[in-house]
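Participant: This is what each chain is made of:
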Amino acid sequence: MNIDRRRFVGSAAGITATTGVAADWFWPKHSVSYQRPRSFVAILNATEYSEKVEALLMDGLRLFRLNLNGRRVLLKPNLVEDLPGPVNTNADLIGAAARCFLRLGAAKVVVGEGPGHQRDTELVVQAANLKPHLADRRIHFVDLNRDELARVKLKARYSGLGELWLPRTVLDSDFIVSMPKVKTHHWAGVTLSLKNMFGIVPGMKYGWPKNLLHWHGIHKCILDICATVPIHFVIADGITAMEGNGPLQGTARDLGKIVVADDPVAADATCARLMGLDPLRVQHLSDGGRFLGNLNANRIMMLGERVEPPARPFSVLPDFEYLIAPTR
Amino acid sequence: MLGVVPVGTRDPRWFAVDLDVSYTKGSLCLMVHFSVSDTVLASRQLVSGGWSFASSQQASIEATCLAAFALADEMPANAGASTQFLLKSQFADGCWPAFEGDSEGSWTTALSLCYLNGMTDFASAREKASHWLVEERGREAHWFWRWKFKTADRNVSFDPDKYGWPWISGSASWVIPTAFSVIALKQFTVCNRSELSEKRIRLGVDMLLDRACAGGGWNSGNSIVYGVPLPAHAEATAIALLALQDEERTSVIRASLGWLKQKSAAIESVESLAWCILCLFVYQEPVDHLKAGLATLVGDGRDIRNNATLATAILALRCGEMIHPFVVLR
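Protein sequences, first through last, are from chains A and B.
Under the working numbering, think of the first position of the first sequence as 1, with each following residue one higher.
Under the working numbering, think of the first position of the second sequence as 1001, with each following residue one higher.
Sample of chain B residues facing chain A (criterion: CB under 8 Å; computed from the structure):
no. : residue
1   : Ala1098
2   : Phe1099
3   : Trp1167
4   : Ser1220
5   : Val1225
6   : Val1228
7   : Val1270
Beta-carbon label-pair distances, calculated as ranges:
no. : chain 1 : residue 1 : chain 2 : residue 2 : range
8   : A       : Asp174    : B       : Glu1135   : 42 to 48 Å
9   : B       : Ala1266   : A       : Arg38     : 48 to 54 Å
10  : A       : Phe26     : B       : Glu1247   : 56 to 62 Å
11  : A       : Thr251    : B       : Gln1262   : 22 to 28 Å
12  : A       : Glu321    : B       : Gly1118   : 54 to 60 Å
13  : B       : Thr1151   : A       : Asp136    : 51 to 57 Å
14  : A       : Arg65     : B       : Gly1215   : 48 to 54 Å
15  : B       : Glu1268   : A       : Asn296    : 46 to 52 Å
16  : A       : Pro132    : B       : Ala1123   : 48 to 54 Å
17  : B       : Asp1303   : A       : Gly105    : 26 to 32 Å
18  : A       : Arg151    : B       : His1142   : 24 to 30 Å
Derived list of chain A stretches under chain B, where covered just means 3 residues or more per stretch with a C-beta under 8 Å from a C-beta of chain B:
no. : region
19  : 108–119
20  : 143–149
If you're looking for bench data, these hints aren't it; they were derived computationally from the structure.
Cβ coordinates follow ideal geometry from the N, Cα and C atoms, glycine included.
Please build the complete structure, drawing on both the sequences and the hints.
Facilitator: Now the structure itself:
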């Protein structure tokens, strides 16, 4: 039988593609799935940071009937830099969340963060004005950049990293709450609860910034980290958000929302929709929707207010204009 | 102040300070701070001879080097144990990991070499470390990535031909690891220059000068991303300036020094302020007012959980009383 070169190349390409699809089917890139039949999300309206936030958040948390008795809760805010503007998760919201979880029965609440750019964590904590909230002896702060580390095999293989050293404080927590600042991001498109988990990767091993993760692909590393360290709950700070050249140099955007959810993918999808962006076009959300949580709006139960896209979508850098959701 | 000294302290200097009536009240207080902080730091030394960052049993090479520097004069036995720990932790190829248990080389090799440079012994360990540093480079040193950053990826503005050192092998060059590597190699080659080491030092210096922020100082790496200038960081600026201390005072260095002097007056964080003092002292700028502020922030040192920060503060408060650990005499 004669096979000409064109036919041979075509057949080889077909076999390769089929093998790739089959390999992904039989040998998926993740060994865990956190998807449930239904995820719950609540959008809380808050126009400003004040002492009223705690009562509002408590009402929101009660909708979820959380069982936190005796559990060690880790709050992972987004504290990045000592810069003005809506760069960091607001300290009043972090403090309110810590007190709410204690009231809900948590044995211990730790606020943990490993800032990605600024090596001087104390400077970031000062700039974020978090110190007054840490005066409560029941609330501890841990610098995740310099915590004791343990080597952990990753539960997904998107990045090819295989394993990471991760902080003991994170690994020993029973209930991890990602508390992102709702922002656009000049490398990832958006930075929400999933991207926020970059902050658990220790600077003492991987440096400032955690550049190795960038070389291995931001979206892929997000998937691997969140597969390995599951997020149990999300409180996203969207009262004052950031648009444009985030996560540091963008401009403030008043969104007036706190998004609370028991599923990080559902939370991020909701935040993206509130920003006027299409979550399906955010790579780590689209891939994460297969195993980290629910992306499809049909599987996200809104407790209370529905998602209303903004009249004007969040501005993004030209490289990310494809994220803007088509208007209806 | 006297009541805060731990019972059973073996710090002989404490008693010397207690009996020294020639000091003014202010300077006596400073001396007391030093001595108690020494004791606090020494009490946190691990059985291995190293120090962890906080309360764990996992020694960090960074914390160990800084603590050993801080206690070298006053508590030589503690520093000696940490020297032994460092020598045991060095890998066969000359590098050090970031922490005990890690199996990869890291930027802490530069810091360890700085520490060993202050000793007359351990020539073999220093030689191997310097060789590793000369060979190590940021990932953008590879022709493919240089080409990519020059042609396809222009969102970050820098000259990829000027590369330094990474935090960890396999990533790009960053300011702090490059600055420490330049200091370590400059110190090591004071009497031992080679064409190869000079070339590598020059490349590192050029990288630092290329990445300086528009108004002076350094961010963690690049100075412009997506056309927007990034703000300088005090710690990165101080360490970068330490690496450039013997270079010609170009406009970049002068602007950065000016930025740091202005910034340091408002810093209320121990780590950043300590690095500012260590840097400004080398540039013969007045630091007494900064030292007084730092002494107040440090107190007796007990509230500073990060041992690397406490050690850096002790070093900064001792500027002028000891050989500066990061001075370059070329």
